[in-house]
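Same order as they appear, the protein sequences are chains A and B.
Take our numbering: the last position of the first sequence gets the number 450, and nothing is skipped along the way.
Take our numbering: the last position of the second sequence gets the number 493, and nothing is skipped along the way.
Rather than coming from a laboratory, the hints here were simulated on the basis of the structure.
Mixed in with the good hints there might be a few duds.
To be verified - Calculated cross-link-like contacts (lysine-lysine; reagent style DSS-like; alpha-carbon spacing at most 27 Å):
#1 A:204 - B:278
#2 A:209 - B:414
#3 A:74 - B:147
#4 B:467 - A:248
#5 A:445 - B:467
#6 B:90 - A:105
#7 A:97 - B:229
#8 A:96 - B:104
#9 A:105 - B:104
#10 B:30 - A:24
#11 A:96 - B:101
#12 A:408 - B:229
#13 A:61 - B:127
#14 A:207 - B:467
#15 B:335 - A:115
#16 A:19 - B:356
#17 B:90 - A:-11
#18 A:105 - B:30
#19 B:219 - A:428
#20 A:251 - B:53
#21 A:209 - B:467
#22 B:356 - A:96
#23 A:135 - B:229
#24 B:229 - A:251
#25 A:97 - B:356
#26 A:248 - B:53
#27 A:115 - B:101
#28 B:104 - A:19
#29 A:408 - B:467
#30 A:207 - B:229
#31 A:24 - B:335
#32 A:428 - B:223
#33 A:428 - B:356
#34 B:31 - A:105
#35 A:42 - B:53
#36 B:53 - A:74
#37 B:278 - A:207
#38 A:19 - B:335
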Amino acid sequence: MSDKIISKMFETLGKEKVDYADIRLENSHMTVIKTVNGKVEESITGIESGIGLRILKEGVWGFSCGPVESGSDIVKMALQANRLNLRNKTQDIKLAEVKTIQDKFEGAQKKKLHDVGFDKKIELTMEADKAQEDERIKSRTSFYREVLRKMVLETTEGTIIEYNVPYVMMYGLSVAREESETIEGRSRIGHLGGLEVFDFRSPTEIGEKAKERALEGLKSPKVKSGRYPVVLDGTINHLFAHEAAGHSAEGDFVQTAGVLKGKLEKRVAAPIVNLIDDGSLQESTGIKTFGYLKYDDEGVPGQKTYIIKNGILETYLNDRSTAAYFELKPTGNSRAEAYNVPQIVRMTNTYISPASNPMKPEELLEQIKNGFLLMQGGGGQVDPIKGTFNFGVAELYEIKNGEVGKRYRPTTLAGNTLETLNKITGISPEMENPLDSIGFCGKDGQSAPVGVSGGWLAVKSIVIG
Amino acid sequence: MTENDLNVKIKKAIDIGLKHAKKEGASHCEGYGVNQKAYNLELEKNKPKHSIGIQHGLSFRVIAQQAKGFAYTSSFGEEDIKYTVNLAIQNAKTKKPDPDLMGFPDPKEATHKLDVDKKLLEIEADGAADLFEEIHVDKLPSDIFFLQSMGFFGMGETFLKNSQGIDLHDQDAGYGLGLAYLSTHGFPNYDFHIEGARKLGSINTKQLGIKAIDKVLEIAKPRTLSISGEYPIIISPDGSYGIMGGLFNVLNRLLHGDKASRGETVFADKIGDLIANENFTMIDDPLDPDMVTSASYDGEGVPTEQTKLIENGVLQTYYLDTYYGNKLNMESNGKASRGGFLGGNPVKSPPSIGSFATKIEPGDSSLDEMISETQEGFMLKNFMGIHMSDLSSGRFAVTGSGWYIKKGEIKYPVQDISISGTIPDLLLKIDMISKERVRGLMSEVPYLRVSQLSVAAKKLDFKLRFGIKVLKAMIKLGLAKNPFI
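Build the full structure now, drawing on both the sequences and the hints.
Shown next as structure tokens:
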């Protein structure tokens, strides 16, 4: 049925003389389960189907979306959107050349999402809930989400890719309370694959970790707000690489403004810094990554991209249009959350690795001497124009004479991207477990699964609290 | 398929679903359908990114074996509808029975119906684009550059029918327009101004760009400071409920009835307690005639109402839907929300507690008085990191921008100012509330001064500051291109 719909739409578009078009016909399945204090608070299953059409005509895009049954209306709306864009056109959009692909992007599942019943998934979520039980825990939340992204991408150039990509994630959120003091503890995992993710870390372990973080946080003192030298673990390496540095390097952002604009081939970080986005990284430490892409949503293969190499800005992250604009190569970073939104430039698996002088974590602690060790980053926000960022940190430890000491309450860290990139004084090369670094990154109202953890970083100074 | 055909399909599909749910043993069923058209207009610097889409779909919420189930679909075939209802029933049956579940709401006529602007409902893409183009300003002050503009026009229909007899067919329309400008005076800084309305003509399109430019001029040439300690902070309306980071959204979450019933918020069991300054009154107003989020009925068909959540500093009630109203021995105040204009496709999640439009009553100080009575402190807005706040205790640590105040005067704009504390403490430390209120996309609130908050900030590295000065000099001499534009 999908073949017929797409052929008919392309036939109409042929008469309209469009230069390029891509159609994404989607029929994805989602399940969400949320338990609170031993009770299923929310359980959702759904089928998301529809068509997204993007056309390039007279040098501008036209994007539209709608129900599968409305192919001809969708074509009309895309042409209408194209005409609106023509009204504001100042320059031609061009697309970098790519090879056409006819292939499948099939995410392997050892324990298939569809083979496991809804009741079993509730059971798994309940396991994470039960593990959080403690008289000091006032509220327990466990959250399970699976997405089976089923989509066909067809372009007028001849690319046809079938996507069948499963994602699973789970998190636990414990709220501990003692008198008027409350504190949250979080833990999460996820990967691109099936339910075998729980063979690596069970729901019980997720729940226990969230509980432990809340209880430890409750008895720990608050850190005094201020500037400190720090060591950041692999999860915060990823968070910084993604939020602060990565977003600033997204080609569509840079076309508008941003701290990395006009800095290609210039030094933007300490010489020991490599900033990498790697959509081709299928596994890390034996675990499937959340940001793996065989192909992006323009049909460009996922790939390893050195955004910064030896401290020098090598490239931006590109889709086909930003690649043509900057005269760079497409980097396989064009993604859309679903059929109803256009593709934009997104990251995949992003981290910082040492360009030279790799150090061990204990050497980083020794180098910082006195400061803080920040572990388990969560959430994050960046202003890529001003170059400022703000992250959450679940575990905070004092570093005294190069040794890890007293634990402090969860807090936040804030800084400036360029300044922090230049204040990195040491990097360890060992990638940490990617399970902790999964997330759904938000941009322009769209979310995309991203990863991955990296090694530890030493930074001369950063604002905590 | 025309829009009307789609409406007929949705109505028919809801009827099929309700009938099928009954046959399959569901004690209650609710069907919800959406057919909305949206023009999303965007100009990113010189790159037009307009798009047009139909947002469609159906969801079913059922009660079976005394438990709730929910499923959605965007396919309208009879088999798909029945499959979706079966999923919702299966979903309910896998849960334990919930003794607090009393059923879905009964029909009740809304006493206050909101008008729908027919002209907006029928606006064509070109008409929307005409309005969008009007907001742009041709001549810009020096060192001010256009960054981005956006417009959204949403219009369409929603259908809600349940087994208790609620049968609503709602037509609605709203639009919003906004722009961002960048200042390259000193370190680059930018600001955004957006307005929303339910009636065409409510937004003064010619003034919108000028307002955005004024906002960015006010924060041009920001400085960074090395400072830490306790300081008075004036939180601007953009800082409390602005779309670029409103700190008081944390307060709204702390007042959700579901959190209160589970003891998950510091305000649980605090109804009747003084929780804020005695002049602080906060209202949720879904009936504002021209706010994009306004609605006569909530997401489960209960008539909406203006609700005083905090009156003269005393907590009066929580945001409540039918289920949690019953659980807390209270009544729903119509706060079940399904998202919508700004929240993605509303069929994808069951109704859950949310706010419509927050209003804070004006105080008795002028903004000038608030500034002149501040010896040393900050006026802040556009906070980053709000989503990392602790939504149980209300603890926050956020980074904002704004102005440094010394000896009762605004000295200069600042950025990267981190403030931390807890919402309960902040509410009690509010010592001045302005007479002036500013209307935002989903709020209408005054300036609020907090007597003391913990502040930490770090001056930007010398090398970076020096680098920018050198770059500016090179741009003036024509030796370098301005990389920020």
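**OP:** Measure nothing beyond the straight line between the CA atoms of residue 105 (chain A) and residue 30 (chain B); if it is 27 Å or shorter, mark the hint as holding.
**Re:** The given pair, whose Cα atoms are some 26 Å apart, holds under the 27 Å limit.
Original post:
Straight-line Cα separation of residue 105 (chain A) and residue 104 (chain B) no greater than 27 Å?
Top reply: holds (14 Å)
**OP:** With a cut-off of 27 Å on the C-alpha distance, tell me whether residue 97 (chain A) and residue 229 (chain B) pass.
**Re:** Cα-Cα ~56 Å, so violated.
Original post:
Given the hint that residue 31 (chain B) pairs with residue 105 (chain A), does the C-alpha gap stay at or below 27 Å?
Top reply: With a Cα-Cα distance of about 26 Å, the restraint between residue 31 (chain B) and residue 105 (chain A) holds, given a limit of 27 Å.
Original post:
Does residue 467 (chain B) lie within 27 Å of residue 408 (chain A) when you go C-alpha to C-alpha?
Top reply: Roughly 14 Å separates the two Cα atoms, so the pair holds.
Original post:
Is the hinted pair residue 356 (chain B) and residue 96 (chain A) satisfied, with a Cα-Cα distance of at most 27 Å?
Top reply: OK: residue 356 (chain B) and residue 96 (chain A) at ~26 Å, within 27 Å.
Original post:
Has the given pair, residue 219 (chain B) with residue 428 (chain A), been kept, meaning a C-alpha gap of at most 27 Å?
Top reply: This hinted pair holds, its Cα atoms lying about 26 Å apart.
**OP:** Verify the proposed pairing of residue 209 (chain A) with residue 467 (chain B), using a straight-line Cα cut of 27 Å.
**Re:** Status holds; Cα separation ~18 Å.
**OP:** Starting from residue 207 (chain A), check that the Cα of residue 229 (chain B) is at most 27 Å away, please.
**Re:** Roughly 34 Å separates the two Cα atoms, so the pair is violated.
**OP:** Please work out if residue 204 (chain A) and residue 278 (chain B) have their alpha carbons no farther apart than 27 Å.
**Re:** holds (25 Å)
Original post:
Straight-line Cα separation of residue 251 (chain A) and residue 53 (chain B) no greater than 27 Å?
Top reply: holds (24 Å)
Original post:
Is residue 97 (chain A) within 27 Å of residue 356 (chain B), Cα to Cα?
Top reply: Given pair residue 97 (chain A), residue 356 (chain B) holds - Cα atoms ~23 Å apart, limit 27 Å.
Consistency note: the structure conflicts with the earlier hints numbered 7, 23 and 30.
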